[in-house]
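Enquirer: Now for the letters of each chain:
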Amino acid sequence: MVDPVPGAAAPHHAPRTELVQLLTPEGDRVEHPDYSLQMGDDELRAVYRDLVLVRRWDVEATALQRQGELGIWASLLGQEAAQIGAGRAMAASDMAFPTYREHGVAWARGVDPLHVISLFRGVDNGGWDPVATGFNLYTVVIGAQTLHATGYAMGIQRDGAEQAVLAFLGDGATSQGEVNEAMIWAASFSAPVVFFCQNNQYAISVPLERQSRVPLYQRAAGFGFPGVRVDGNDVLAVLAVTRQALQAAREGQGPTFIEAFTYRMGAHTTSDDPTRYRLASELEEWKLRDPIARLKAHLSRSSIADAAFFESVEAEADELAARIRSGTLDMPDPAPTEMFDHVYAEQTPQLAQQRADFVAYQESFEGGEH
Amino acid sequence: MSETLTIGKALNLGLRKAMEDDAKVVLMGEDIGKLGGVFRITDGLQKDFGEARVVDTPLAEAGILGTAVGLAMRGYRPVCEIQFDGFVFPAYNQIVTQVAKIHARSRGRLAMPIVIRIPFGGGIGAVEHHSESPEAYFAHTAGLKVVAVSNPVDAYWGIQQAIAHPDPIVFLEPKRRYWEKAEVDVEATPDPLFASRVVRGGDDVTVLAYGPMVKTALQAAAAAAEEGRSVEVVDLRTVSPLDLAPVHESVRRTGRCVVVHEAPVTLGLGAEIAARVTEACFHSLEAPVLRVGGYDTPYPPSKLEEDYLPDLDRVLDAVDRAMEF
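Protein chains in written order, with numbering that gives the first Met the number 0: chain A, 0 to 369; chain B, 0 to 324.
Read the hints as simulated data drawn from the structure, not as lab findings.
Be a bit skeptical, because a hint or two may be false.
[Claimed, not checked] Counterexamples of contact, computed for chain B against chain A with all Cβ distances above 12 Å: (1) Ile101; (2) Glu226; (3) Leu241; (4) Ser301.
[Claimed, not checked] In silico contact screen, one side only, chain A against chain B (beta carbon under 10 Å); selected entries: (5) Leu146; (6) Ala148; (7) Glu208.
We put the CB at the ideal spot given by N, CA and C, even for glycine.
This is chain B alone, in the form it adopts within the complex (with noise of 0.2 Å):
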């Protein structure tokens, strides 16, 4: 059965889903009840679940964390929402010496199935702190899970698998796309969720991207089709843990690779990738690994934003430096 669905839709039902199949599921978050959620993620869930499953919290982000520890110690599964990216800070210190470590601390006894969702990332005109790519902090801890969903099939899989998984997981939903339609088949077997997937085949140039930057690779791999350049796009869909697998193949047989993500260049994903991929695929490589990205700048205000996020052209630009070589 398939339905079309943007990927803010694709979420409330894949929420709903969750919920319904496991009582213990509890959402949390600030404004999430009546108001639905700022971007009406959770829109019509409080009415359906109640007070006690649709938590509207007080405002504060480490107490919804921090609270959600607790709550994971005794069985339930909290989903938190942190209403913009750059909110999640304050939650940072329960997120990373406490989410993450739990498990490890206590030698496995104790389980933090926490997902912390957080629409991330620009292009929609905001003030600061509203516009952020926070992935590399805590792809950097040990003990979280990242993920960064690209489309409305991952978005309501995704969601499910996530709430689902028994290890702590930070949901990164790229808000600029809260609005793109896709048909979901809700019936079908989804991919598994820490499995990065080739959206568009090529020869020429491997580009990996995730999250809100798959669409501009897409359309950059598109513009450079007319030009008749062949170039392969994959959607990470994961940020931690990787899966590079499917990315070495590609690069292997295309020798180029392009890395995109919105978040500053210096120490972000794209180096990460760009190391492992120079390991694995070092005698393949006709170009060292390329890294397109925002620049090493606090986000911008939003009349600049379209300068500092990487756009078809930064990344077609990319391509073409990679074949250069």
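This is chain A alone, in the form it adopts within the complex (with noise of 0.2 Å):
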């Protein structure tokens, strides 16, 4: 424990009433005033799946680059039921920008997952098609995107368009400028985008304690929009306030804010060690409200799906592992005059000349390479 910071806000624990919750933790199906969601078996059934399955690949992607072969890995460990619930709330029209950690929410929309991959692994900075899959590339500075997600939508406007963008963003990127003005934006030109933000409670080792002293979808009121609290942990909860917010932004209402109330399991990637900053109770305190066991126990409970279902599931998930693993180590290099080759749109002499020059350099060595 550390001393308190003089004048600092106390920690808070936000009452459990504020969250928007469908399904409790236990797996019980309760009914919220203002959100209602009817889903039927199959799509139930589906949502487990996609929970499921996005799990299977974050494991074996950590297990990747522990043994060499991912550079890094930032894991979705225990926020499965926020992205894939934000990612379904979506139309396919829509566009997302994402963080680096949104691999639910690239599942989602289609990605391949060995196009994510390929970035942790060194090959590319993100092999999938923005436009094609409507989910742009990760962005590793903090925050950058909200921006980005903002003008995309004010073009959206200027189109007369019935699309909605979602920004994703973390409770440590709430800290910085840039989102502040991305909310500022989209307030003011009430911009059709929601701005998801997942507080997973540390922003690598620094506790939500030290970006805000009041709960983070406050904030929105002093935007002048909305803000919600859903619990995200709740798979159920999320896609019904997300889809709520989407759809209001395409009606033209402008921005909504919603603060996904989870916690990240795992470190913050591969490269932290989250026992020097975290109690082992707090970890334990959350698996008890794990997205996927609680999903389960519902879908068990009212029979929506049943043993071998299950089973076929996990098998699944097997062979997903299996193909990332394969499709991981098999992946080819780039061609090493490809940095060259998209700097630009319209090359320039200079970088022409480098290029040229890289090329007989290579070329000078015995069967082109070295």
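Combine both chains into one complex, guided by the hints.
Expert: Shown next as structure tokens:
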């Protein structure tokens, strides 16, 4: 325990009543006066499948990093419901602006996991097509993408299109000036953008109390648009809240700030050690709110899914993991000249010369390689 | 058809033409609407094109550039006005980590046809942060291109060419020359955007300049001529990419080269040019490539800026030194 900073806010523990919840941690379905959700059994099973598969993807990627096959990995463990709920709330024509941890959203948008892996393996900066998938490339600089999302939303307005933008950010990003600028722009122009903040309680090692004196969703009031806190481990609540906010944006009602209250079960990335900055008891407490276990309990108890279904999902997860593993190991390195090829839409003479020099240098070695 | 225009008016007409030619062109910046910008470069444009195309933004430079990124992804061509050179730094993150990188990050799938207009340089008696020359920061960043115009003809054509160009361009406007006039033929075929140009022929020394220093270099050349020295002046026009082929040709003939800019000399553009000219023209050089620039100090209070800024005497002094080798 560190000494408190003079004048610092005491850690706040949000009353549970603030949370929008449609599924209790025990797996009981509950109603909420402002958010309703009608889902068929097929869709519920599909959501469960998504949660299991992205967790398995994440586990496999973490293992690959530990075995030296990936330079780094940003785990989504614990945040599956927030991401699958948000991703599934989007219409096909909507656009997502992710950080570097939104693997679950990528999955929901149909991005191949190997394209995401290629970024962390150092093969490229993101191998998917952001236009075709409606899922922008990852942004590593904290919060920068919230402005891109807002500008894109302003473009939607100019085009008169019925689309919305979902901008992802973390709790730490709310401290960034650019995120505040994004919210000012979004409010001033009533842009069709929804800010989806996954409050996973830590910015690498620094807890939320060092970022904010107030619950994050309350900040939206200061910008002049609605803020809502949803149980980020409740995939149904996330889906309902996000769907409603995106629809409001499409209808010209402007932005919403969603705080998905969740927890990062793993490290920030494979480079850090969370045991240095948080207590094991905290982790144990959050394990009781596991997003997958609670949906599984609901599906079982309501007889929406049986043991055979759960087994089939597990088998599918095994296949996915095997495909990710072999696909990663088989991934070719990029052609070395590629680093010169996309710096500009219109190549400069200087860079063309450097490229030619590089090629000549490469070819000076026997067999063209060294 | 020729008109006598100031640089400021030429930019205004160039922006108007670009907006007429392409409905995707959107101007964004602080005070650019009703006020027409603090230098009136966008005067009258909001009245004629509306608030959606000439956007008075909130006061936050990162916001201007960051939202421009999103608009560019949506197929628009944002033209961002930064009010003064020293105010670009809050947007520096967006320009350097995002605008410059997104084309490469996306392997060419996403274009960033953004123009960042910056009135730059000193000589107007302003307070701090209003007189700086930040071009080296941007020229050092892969993915950006940097242009610095010096006259109404290049201002009129250059801004249109920059807006039509597919890559992000930092477009530097010599604010102390905004009121300089020249004939502009608005039906001519313009020179390419990324090409330097010999603006005065000479045989003894090659002087290179861009933006506000071109006029100073020409004044120095005229003064040198009275003393019997023949000075060739090259307007670089583009900072990145550099177009040095005409410079090499000139230096091989004169054997001497002086680079002039307002920015601090250390690690400024002159250093890059000196290295490249030396590499290409080593056997022709009669003297080392000399640099004339601002001192390595913060831009000084305006009562001292005439001491800080290169003037024709400092250029002439460098010419003399080059001749003495």
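Enquirer: Against the earlier hints, flag every one the structure doesn't satisfy and list their numbers going up.
Expert: 1, 3, 7
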